[in-house]
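Trainee: All chains, please: the whole structure from these sequences, using the hints.
Residue numbers (our numbering), protein chains in the order written: chain A, 1150 to 1442; chain B, 1150 to 1442.
Derived from the structure by calculation, the hints contain no laboratory data.
Because identical chains share one entry, a pair is satisfied inside a single copy or across any pair of copies.
No more than 27 angstroms apart at the CA atoms, straight line, and that leaves these computed lysine-lysine pairs for BS3-like:
#1 K1288 to K1260
#2 K1415 to K1397
#3 K1383 to K1397
#4 K1352 to K1341
#5 K1387 to K1352
#6 K1397 to K1341
#7 K1304 to K1377
#8 K1304 to K1341
#9 K1260 to K1296
#10 K1352 to K1296
#11 K1352 to K1397
#12 K1387 to K1304
#13 K1387 to K1341
#14 K1352 to K1288
Bear in mind the structure is a predicted one, so any value in this text is a computation, not a measurement.
Number of protein chains: 2
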Amino acid sequence: MNVGFIGLGIMGRPMAEHILRSGHRLTVFNRTPDKCAPLVAQGASPADSPAALASTCDIIITMLPDTPDVEAVLFGATGVWQELTPGKVIIDMSTISPAATINFANRLAEKNCEMLDAPVSGGQSGAQAATLTIMVGGKPEIFENCKPLFEAMGKNVFHLGPIGSGQKTKLVNQVICALNIVAMSEGLHLAKLAELDVQQAHKVVSSGAAGSWMLDNLAPRILQDDFKPGFMIKLQQKDLRLAHEFIKTIGADFPGTALTLSMFTKAVEQGLGEQGTQGFINLYRNSESEFRG
Amino acid sequence: MNVGFIGLGIMGRPMAEHILRSGHRLTVFNRTPDKCAPLVAQGASPADSPAALASTCDIIITMLPDTPDVEAVLFGATGVWQELTPGKVIIDMSTISPAATINFANRLAEKNCEMLDAPVSGGQSGAQAATLTIMVGGKPEIFENCKPLFEAMGKNVFHLGPIGSGQKTKLVNQVICALNIVAMSEGLHLAKLAELDVQQAHKVVSSGAAGSWMLDNLAPRILQDDFKPGFMIKLQQKDLRLAHEFIKTIGADFPGTALTLSMFTKAVEQGLGEQGTQGFINLYRNSESEFRG
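Mentor: Printed below as a string of structure tokens:
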């Protein structure tokens, strides 16, 4: 199977490497071309444009920051669409708008091409270890055909319903993650202000009903003032914006999600966007130092 | 050792039973006296008042709903204080104000009595299985003397610093729990409104970065519409009020905690107070049915 991979960022690069190692012929494209070099060194072919990539690949995977990036790569002047022939499959593994996803799938269907939405969870470490959770929406038979690719990149691969179901499930995931990050940040910062031994307080609360993946995996980084990204605050903010937009379209009221969006937006405005999500605690530390003069 | 136990509610009763079974002589008091009967049937002695209990006990444990309850039992007209003689130890395992705790300890010191604050986490099931997390503040030597009692009731017993440190750590715990409950509720309700298979969405998000004790332990009850308490919404609301008061006294700003307090208060006002904390999701379901007419 000729596989194309577009978007070799912090997540996309290790994911593409796993596809290459699982024995597929791989063609790669990235807007910043030098990001292709490590993959090419491992045997991938570089493409000059998404269109050029599409001309030689049966399955085209995209892993990009946001909805407009996916739209440009698929339907732009040098986009996949230009060289698309019937029977090809587009798998978008980015986290983007569920409504846009359904729209893209409909446009691709005009050329008799299928689409799966397959956003992931598990961050950079999950991408590197091929332990990602992959949330797939689309036709069951297309999912089955593509399953070996997913299993090369992830450990928990789920087919969740028709096109868009992967993105919707990812939004559920991100709403929970963001609130659990706020929980971790307020808890750890409160422990510090209360003059507790923060390390010990963390150990105590992690063992009980307050326990979470965030406390197990990101809190230790906070305790070491390590704010390198796994998953960047600005991307969490973007996902919350997508969730908020989706919630508005269904006419619901989610005060926790609304609050996390406003707080993550504030964190980005304060210049924390490139930190890992554990750096959200700096929003509290910064306002503290303002408060204390 | 003669141990007294005051407050035989949903948590206190199984905790007192574990003390009895570990071989201590136990005297019990409860404001509603018939709650003493099961303990008396197992060999405990009933007392007519906290004062009467204090006259025969070396160690006096309190497990009560809120700060004023502990104050009344310790310092009221028929309170512990009336019969207190030097060398006795009071262990308050309720969740109450850290500032009030320090105040109570100072007053008890006037009669040369020591106090530990030792709030717990783990809920009714933890109390029954003797697997509670116990967060203790007070003098190290007093903690060591009382450790066998804690180990009869809990699995994870921590000495966290001077008097009040247990309560402060508990507030950290409750701030995180409450936000994780909001996270779970918004996530599961969003899955429902998005017309996903909620059971499957729960399984997917639990396995990754959104994972939490709440998703593992309380979400399955939500999926079965089982809102029986483990830990009641009205008590979670009370703990959030304590946390909010404490945060105000240290001059900090915790928007997530402020939001959870207002939402749990709304849940109590809507009559959800006696449900387990998983019933918090009904706040969303109720507003949804209002919205949809």
